[in-house]
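Given the coordinates of chain A, assemble chain B onto it according to the supplied hints.
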Amino acid sequence: MANFLLRAVGDSVVKQDQTNLLDPKNLAQIEGLQLRATKIVEGYVSGLHRSPFHGFSVEFAEHREYVPGDDLRYVDWKVLGKSDRVYLKQYEEETNLIAYLVLDVSESMQYQSEGAPLSKLGYAQTAAASLAYLVLRQQDSASLATFDESVKQYLRPSSSPSSFKQMLEVMQETSAVGKTRTGPIFHELAERLTRRGVVIILSDLFDDPEAIIAGLKHLRHRRHDVIVMHVLDPAELDFPFNHATLFKGLEDLGELLAEPAQLRRAYREEIEQFTITLRSGCLAMDADYVQLRTDQSLGFVLSHYLARRGKRTK
Amino acid sequence: MAAAAAPIVIHLWMRHTYRESPWAAMRFLQAAIKRQARRMQLQQWLLLALRTLILLLVAVAAAKPFLSDLGWIGGGTRVHRVLVIDTSLSMSAVEREDSRFARAIALATEMIDASRPGESFSLVTLADPPQVRLSGPVADKSRVKAELAQLETNFGTAELPATLALVSQVIADADQRSEPFDRHEVVCLSDLGKNTWGSVAGERQSIAHQLSASTELIVVDVGSDSAANLSVSQLELADAFPTAGRPITVSAVIDNHSADVARDMIVELQVDGVVSEERRVSIEAASSTAVSFTRTMPEAGWHRFELHLPDDALRGDDREYLVANLPESVGVLCVEGRPGAARYLASALNPTGERSGQIVPTVISAGGLRDTRLEDFRCVLLSNVGELTASEAEQLTVYVRNGGGLGIFLGDAVNVDSYNATARRESKITFAVPDPHLVLFGQLLASDVATRQSLLPVKLLPPVSQTTYGIDPLEYQHPIASVFRGREQSGLLSTPISRHCPLEVTSAEAKVALALSDGSPLLVTCRLGDGMVAVCGTAASLDSIDPATGQPWTLWPAWPSFLPVVRELVDYLENDRATLSRVVADDIAGRAKKVTNEPITVTRPDERVDSLVVADNEWRYDDLDLPGIYAVNSEASEQLLAVNTLAAESDLTPVSADDLQPGIKVVSDLSYSSFGGESLSSTAWLHRWLLYAVLLLLVTESIVANRWGRASS
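Top line first, the protein sequences correspond to chains A and B. According to my numbering, the first sequence holds residues 1 to 314 in order. According to my numbering, the second sequence holds residues 315 to 1027 in order.
Extracted from the complex, chain A is given alone in its bound form (with noise of 0.2 Å):
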């Protein structure tokens, strides 16, 4: 049902340019979560030719004779070249992918910069929705889980359409309040996460990195495959600001009267290398980052990297 809806809305609004439409700027435009989603998709991710996500492989069982709409993944190529006859691998359990959306919901993750169509949160529940509307339109189940000091919200994997609406309704009913304690809560979730998947995180990941680096590794440790989405805000990654400023900082962090100008470069540097301690440590871990900016096209950076990604896994 739900995806009868998702598409039939997707059918009428999409026809447009759909390029235009996704720009961060008028995507803020559109109200509802679900709205936002379906246009992602189907404007951009549809048009991939294969879903970058799939399960995990299972014990080989024996072949089977391939018939049209197999998937090519699984033709045994050896038997191909000895014999001239197609024929694909069975396996004893070909498992759904599930996917964990774990969304970021402090009260840093509301910061909304002036030059900025949408908040972190904001722009985080889109790429959440998107992705979870991508795994669902697959067959496969998503799950979602919503954390600031600790988890305030999980909702098991599902594969059935009615599970996203229940995603979107928690998405939209959280509120951002609370402070943020990323490392302990991957660790927490990697204990709770018993069934192997993929654990898409979207946070700002304002926290101590090498104690998010640590729970990504015990993430990493329980087999999970991690895609870390790194939401920034353009203005916390730029620092544009020309007039002193007295900075109030989220998450009760207090206050600081500052000069921008005086500070811009150093603050910078500080940002650049926190990313870049991010990123190596996920790379180390074999773990994906993608850096999001609120004042990117989410639907072209989601398409690149889910085509890259697929090219990857192959």
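Honestly, the hints are just simulated from the structure, not real lab data. Fair warning: there could be bad hints in the mix.
[Claimed, not checked] Once the Cα atoms are required to be at most 35 Å apart in a straight line, the calculated DSBU-like pairs of lysine-lysine come out as:
(1) Lys348(B) / Lys217(A)
(2) Lys979(B) / Lys459(B)
(3) Lys89(A) / Lys78(A)
(4) Lys152(A) / Lys165(A)
(5) Lys979(B) / Lys455(B)
(6) Lys311(A) / Lys89(A)
(7) Lys248(A) / Lys348(B)
(8) Lys179(A) / Lys348(B)
(9) Lys82(A) / Lys311(A)
[Claimed, not checked] Computed far set for chain B versus chain A, every beta-carbon distance over 10 Å:
(10) Pro336
(11) Arg618
(12) Gly645
For every residue, glycine included, the Cβ atom is placed at its ideal position computed from N, Cα and C.
Below, chain B without anything else, positioned relative to chain A:
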């Protein structure tokens, strides 16, 4: 100074002019601040210092005059400026609307107003004599200006060397009185009149030597090249023996100092306060003309003559004064050593023998000299008087020193040794005050000098005979001989003189009027005190016989040249006693009876009456500062004195600045540029550089603030 706190206030205030923004990435901001803390603090301190410095400089530039008036700050270089104001007569010349003097005062006042801290002033007048009006150095401008406002021009001249000597003394005193100055500057405001500056023009060293090397002499020319002026350079009685009841001639010389012809100028002669005669005269450019008036004064006594010219640029020299004490006749005392020895002298003086003649000779014997009141006579002639006693010598010395004339003719009765011993003795005379009770000295001579000067300017040698005849007029240089110039046939040159006493001139002031053909002096004259002495080496009568030949010493008394020589001699010895005149700023002195109780007073031209202090029978008066007629009155007598301006001061033409020595800077005004911008412009350059600094700092502040930020963290 309070303004200097403004940057701090601004600094603090700007901390409150900020925007607010929520911020998530606080940890990175804190880390950046921690990294930048030292640098930012340094930048902020520099920015604060820059802003404070800007306002501090502005405050100093604005508050400098105020602080300097209070004397709280010094002006850097300490300059002692000696203002020398020319107060001579020529400075009162009016050109355009103001006099040169008024212009000088105005310029000096401007200069004082424009002075900066560290400058002090002294004030000296360029006059004769110069005067220190403000020794100083005085930094109080109002005091200097007040003293300046009291200055007035005088009718006298200016003595530059004496003034510069005084200035040097003022400078030396200034350095001794306080901490030595960095520089002395002598600013002389003058019209560069020829009378004052002409004497030093061309003398390259004279002025420079009077001022030290650290002293700069700046002359501010307040005159003009085109000043026109008429003046009377001479007013006198042209007659040899002016007397009452006979026509006298008043002659004057009028000078036109301008480059234009003066046409139909009305010249007015006043006699005893009444206009006597007017004359229209025209004078060519830069030339002089003589004007004479003839008038008979019926009564003997003092008479006042004034010559008036029309008013012009310099009014001070448009009137000339003359006083004359006209006798009914000129009395000459002829003293003969032998009867008849003065016969020829008396005949020469009064050929007709009339009692009412212009010159009335009185002949007495030598023995009567002591009892004769010599002051009744204008002149005393001795003829073949054998000896002079000490008292007679003293009597004659007093008479001559007080202005009388003494002529001595020798002869065979003369005891040469006695004359030399007596008459040449250095007398220490306590002068008895003769009648009249009041005698004016013509010149101020120190008493010791006057008393030590001997009566005779020559030493008499024993008489000698000669075979050659004739008199050498010595090119007619002497006034007595000058009447014979061009009259070679009048008999002077052929005067037969066969015996004479050679005269050995002993006084440096003596002048030889006539000589014999062999060159030995025959007639020697000399000034003694206020009077004149003349000694003739031969006889004035035919009674002196040469023992060798039995012939008279000379036939001169019977020769045609005798009469004019005697009359010229008397005229010369009489020494213009009828008229007394001085120039402005001269001194006069006199002698009065010790017993007199009535004070001696001087009535000035401005009607002011000054009482004189008599000390040791003498009095002095040095306040002849106005041209006009002064009357010196005592118990029973009155003497008049005419005081006139010096003719040279009437020439308003300045000397060329090129003629002055290179060390003297001549400018035409007191603008800063005239002074090379160093001293007087110091105030300006200091403020200019302060403003430059402020501008530079403002630009720097803008750049730095833009780069570092306008508020501190």
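Tested hints:
With a CA separation close to 31 Å, the supplied pair Lys348(B) and Lys217(A) stays within the 35 Å bound. As the CA atoms of Lys979(B) and Lys459(B) are separated by approximately 24 Å, the hinted pair is consistent with the 35 Å bound. Pair hint Lys89(A) plus Lys78(A) holds up; C-alpha atoms about 11 Å apart against a cutoff of 35 Å. About 18 Å separates the Cα atoms of Lys152(A) and Lys165(A), which keeps this hinted pair within 35 Å; it holds.
This hinted pair checks out: Lys979(B) and Lys455(B) have alpha carbons roughly 25 Å apart, not beyond 35 Å. Between Lys311(A) and Lys89(A), the direct Cα distance comes to roughly 21 Å. Compliance with the 35 Å bound is thereby established for this hinted pair. About 17 Å separates the Cα atoms of Lys248(A) and Lys348(B), which keeps this hinted pair within 35 Å; it holds. Proposed proximity of Lys179(A) and Lys348(B) is supported: the alpha carbons are some 23 Å apart, at most 35 Å.
For the hint linking Lys82(A) to Lys311(A), the alpha-carbon distance of about 28 Å falls within 35 Å, and the restraint holds. Look at Pro336(B): its CB is around 5 Å from the nearest CB on chain A, not clear of 10 Å, so calling it non-interface is violated. For Arg618(B), the requirement that its beta carbon stay farther than 10 Å from each beta carbon of chain A is met, with the minimum near 97 Å. Against chain A, the non-interface label of Gly645(B) holds: every CB pair exceeds 10 Å, the least being about 115 Å.
Checked against the numbered hints given earlier, the structure breaks only hint 10 and satisfies all the rest.
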